[in-house]
Amino acid sequence: MPHHLKRTRSSFVPDNNSPVLEISALTKVYGGKNAPTKALNGVSLTVQRGDLVAIMGPSGSGKSTLLNCIATIDTPTSGTIRIAGTDTARISRSGLADFRRTQLGFIFQDSNLLDTLTARENIALPLTIGHVPVDQILKSVEGIARSLGVADVLDKYPYQMSGGQRQRIACARALVTRPQLVLADEPTGSLDSKNAKLLLESLEAINRAQKATVLMVTHDETAASFCRRVLFIRDGKVFTELVRGSDTRREFFEKIMQIVAVQGGVDNAR
Amino acid sequence: MLAKLAFGNMRKLMHDYAVYFLTLVMGVAIFYAFNTISVQADFLSNSVSEALQQAGRIMNDLTVFLAVIMGFLMVYANNFLMRRRKKELGLYQVLGMRAGQVNVILTLETLMVALISFVVGIALGALISQLLLFVTADMFATKVDNFRFFFSIDAFVLTFFCFAITFLVMMVFNSITLSHVRLIELMSASRKNEKQFVRHLPLSLALTVLGLILMGYAYWRLTTQGFPLGGSNPEPGQTTTNDFLVTTALVVAGTFIFFYGFAGSITLILQRMKKHYWSGLHMFTTRQIASRINTAAASMGLIALILFFAMTAMTSGMSICATLNKAYEEGVPFDASIDVVDTSGEEKTFDWDAFAKKAGVDLNSVGNTVSFRIGYMTDGEGINMIQTLQEMSAFTGKSIPQGFEQTVAGQALSLSDYNALRTFKGLDPVSLDKDQYLYLCNIDQLESFVNTALEQGFTITAAGRTLTPARTTVIDDNSCIPLNDSVGKTPGIYVVADDIATELPNYHWVLDLNYSVSTENGDLAVKNLQDTIAASDDELYVASETKTDAALEGTTMTGLTSYMAIYIGFVLVIACAAILAIQQLSNASDSAMGYRTLSELGCSEKTIFSSLRTQVIFAFALPLVVGIAHSICATAAVNKLLLTFGHASIIESVGLGIAIFTLVYGGYLALTYRMAHGIVKGAIRSARHAL
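The listed protein sequences derive, respectively, from chains W and R. The C-terminal residue of the first sequence carries number 445 in my numbering, and the numbering is unbroken. The C-terminal residue of the second sequence carries number 689 in my numbering, and the numbering is unbroken.
Okay, chain W solo, but in the shape it has when bound (with noise of 0.2 Å):
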């Protein structure tokens, strides 16, 4: 067996007294010289540990660009990004997987299960790849499945569940590593209404519960009106923010909803 499967966890040791995630003045400009698209303009922000975030903002904005980056899928123009106190730009290129690893979970629009795998294998891969023991593995998975309502289905293949199971398994996948971040990119995008909450319900129990640190990027304001903060990312930039505080759902809803609106509002006007 080759020396790269023997190693085991990661090297990398999170600094549990900074924030989980620290971005400042991060740009990003696609195209060349001469026709440059200046998709990130100076975004700064902080995400506490435990805190639930949503961006909001219309297409184009930047915000698909700005998840790249933290996922350390794109590389920023300039700008630094922290996440638990490392400098994302100074892991060598071999070590992002292994950082991807432990420190970041994903969840995507459309799922992304592996069709060739059950659910309890798709769970399971993020471990398995970081060689963690057997008996942990299974255990691990039964838990976090338990605690997204999807223990039975766990032998069922992709093709054999509903959007919404695929989704809660997806999420499933993302949190079994208990990574520092969870990024989620559009996670109620192809759901329906009732799965859409769901899986949000779901979602906010299991950051309450884990104190898993959730970073989500969406289009649905019923999606974000579920998170404790909700940024608004315009023209690269981030525009406003708005946070929960004491509100009810319904009433941060419809603070949401104001402002969606008077981007709307400006948009139309232009």
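Hint data in this document are derived by calculation from the structure and do not stem from the laboratory. Note that the Cβ used here is the ideal one computed from N, Cα and C, for glycine as well.
No more than 25 Å apart at the CA atoms, straight line, and that leaves these computed lysine to any residue pairs for SDA-like:
{"no.": "1", "chain 1": "W", "residue 1": "K331", "chain 2": "R", "residue 2": "A590"}
{"no.": "2", "chain 1": "R", "residue 1": "K273", "chain 2": "W", "residue 2": "L329"}
{"no.": "3", "chain 1": "R", "residue 1": "K2", "chain 2": "R", "residue 2": "A16"}
{"no.": "4", "chain 1": "R", "residue 1": "K679", "chain 2": "W", "residue 2": "G270"}
{"no.": "5", "chain 1": "W", "residue 1": "K331", "chain 2": "R", "residue 2": "L199"}
{"no.": "6", "chain 1": "R", "residue 1": "K85", "chain 2": "R", "residue 2": "N101"}
{"no.": "7", "chain 1": "W", "residue 1": "K213", "chain 2": "W", "residue 2": "V435"}
{"no.": "8", "chain 1": "R", "residue 1": "K272", "chain 2": "W", "residue 2": "T277"}
{"no.": "9", "chain 1": "R", "residue 1": "K604", "chain 2": "W", "residue 2": "T277"}
{"no.": "10", "chain 1": "R", "residue 1": "K273", "chain 2": "W", "residue 2": "V309"}
{"no.": "11", "chain 1": "R", "residue 1": "K2", "chain 2": "R", "residue 2": "L166"}
{"no.": "12", "chain 1": "W", "residue 1": "K430", "chain 2": "W", "residue 2": "P233"}
{"no.": "13", "chain 1": "R", "residue 1": "K273", "chain 2": "W", "residue 2": "E317"}
{"no.": "14", "chain 1": "R", "residue 1": "K84", "chain 2": "R", "residue 2": "G98"}
Rough simulated footprint, nothing fancy, chain R against chain W, three-plus residues with beta-carbon under 8 Å:
{"no.": "15", "region": "263 to 273"}
{"no.": "16", "region": "276 to 288"}
{"no.": "17", "region": "293 to 301"}
{"no.": "18", "region": "308 to 315"}
Given the structure of chain W, go ahead and fit chain R onto it with the hints provided.
Just chain R now, with coordinates in the frame of chain W:
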């Protein structure tokens, strides 16, 4: 507009499925090149040329047969590619194109593909055939006279028709595919999670075991029963054609059942190895392979069988050659032998010198000669040759070794003729009492059987006298071969006292020569003598075998067999490897997003590619391993059959076969991995979202 679309599609396809085009081109090139054999004949010496002309006709039949298989596999590959383009075809229709117009696009595409691969293939084939000419010359142990560039119209026409038909069938299948799918299915084809064909795991295990049992039973039947040599009217105890068909059906059924169960079985077994399974990408790799085999079980089984056929054709052909060539060496100890049979059975003596004088040949100046008469043992009551082996079997109670049940072994030589032959060969003469016999036999499998009979004092009646064995063992030195007969195997000749031998009926008269003159002059003298004898008396049947004849027959046959074995091997291996390659590549692009997910989950590229490599190698290796297992069994059975003619090493002949397989099959494997690597790498590195 449609043509422009078709052209664009074709270019994209050519890029994505370069393996498919490579195979079409190679197929055309090889079909053309190998069928130029009759034109190649013009460049080679007359003796080989004649054999090649004949080979040309066999090649044509073989090409039609291979074209059917190749065509079938290419149609399969095309259908496979079509299935993957459902969404694209749906899109055309959603945008308002009529089904007929889409069909026109597909037809144009197929025509362009056909035209390009045919033109490139013929050009390549023309080049290959120039080179092949020298290979052919070498294989037939001759030289190329007056080389110039050549082109065979016949080969061109044959190749053209074979491919035209293949492509016509493809077009028909394309329109069928198109007219049978509904638009909604076309459009949603890629969005669905791929349905997994998962078989019940314990059932899979049972199927695998059943498949293995069937294959094992078929192996056992073939190795114990052998081939149906009796044809449609076998002797009792011989393998019948039906027996053989049952064996064939068993191995075919076993192979398919094995492949249907195999995926589930390895999953089940590997899942039991918990530590291994739940570590790294092992579980992913296992599941990918299992899914691949499950969806393609039938085609994998078929590929295994075709590979089996190709390998067996190659190895058997070559070992037949090796064996017969060795037999030629042993069976042609003299520069020439002339063999005269008196069909009237009346002549008691034969005067070689008189005929030589008549032919104007001075035998003494041509070289050393020895002549003798071979008779056959009868008990005096009938004219039938004594069924020695049957009588020995009845006498000792041992059964005749397999394959020799019908062998005739009752020829006889007089002691003085035999001693003359021994002296001629440089051996010491032997002595014999008047009521004794000696037994000549040089077939390994028969010797111990006959020795038992000799030890127990097997007696035989001839010319009214009862003869006992002079020795307890057979004589198996090179005096067993009294004349050039190109097989070199003697099941049994009795040596008896002269006064008995004169009483026995004639079999034939033999003259052996070792030249002191040049081979050309010697052969000429032999031919003169033979013609003279043949012309002098209608009742005399005369044949000759010179070393020159034997050598030519040997190289011609080896050449022909090698030529065809290489042809069959090449075409079938290419077809099989191409199917596997296309399956693997489309599998890689289907799973591209999955690989991307793996990368995002933090799996290193190194681990991902090692999983991909395992998958590709496994897909290529599994049918090959099954094919090789079948082939070893079949080749063993062929060799057992060939033992009748004596041992010959098949290592060298099999070596060439293995080299071709490794080159072609391994080449496709390497190419497939490289391309799959490219697809997966592209998917991993591309951004998930367009901004």
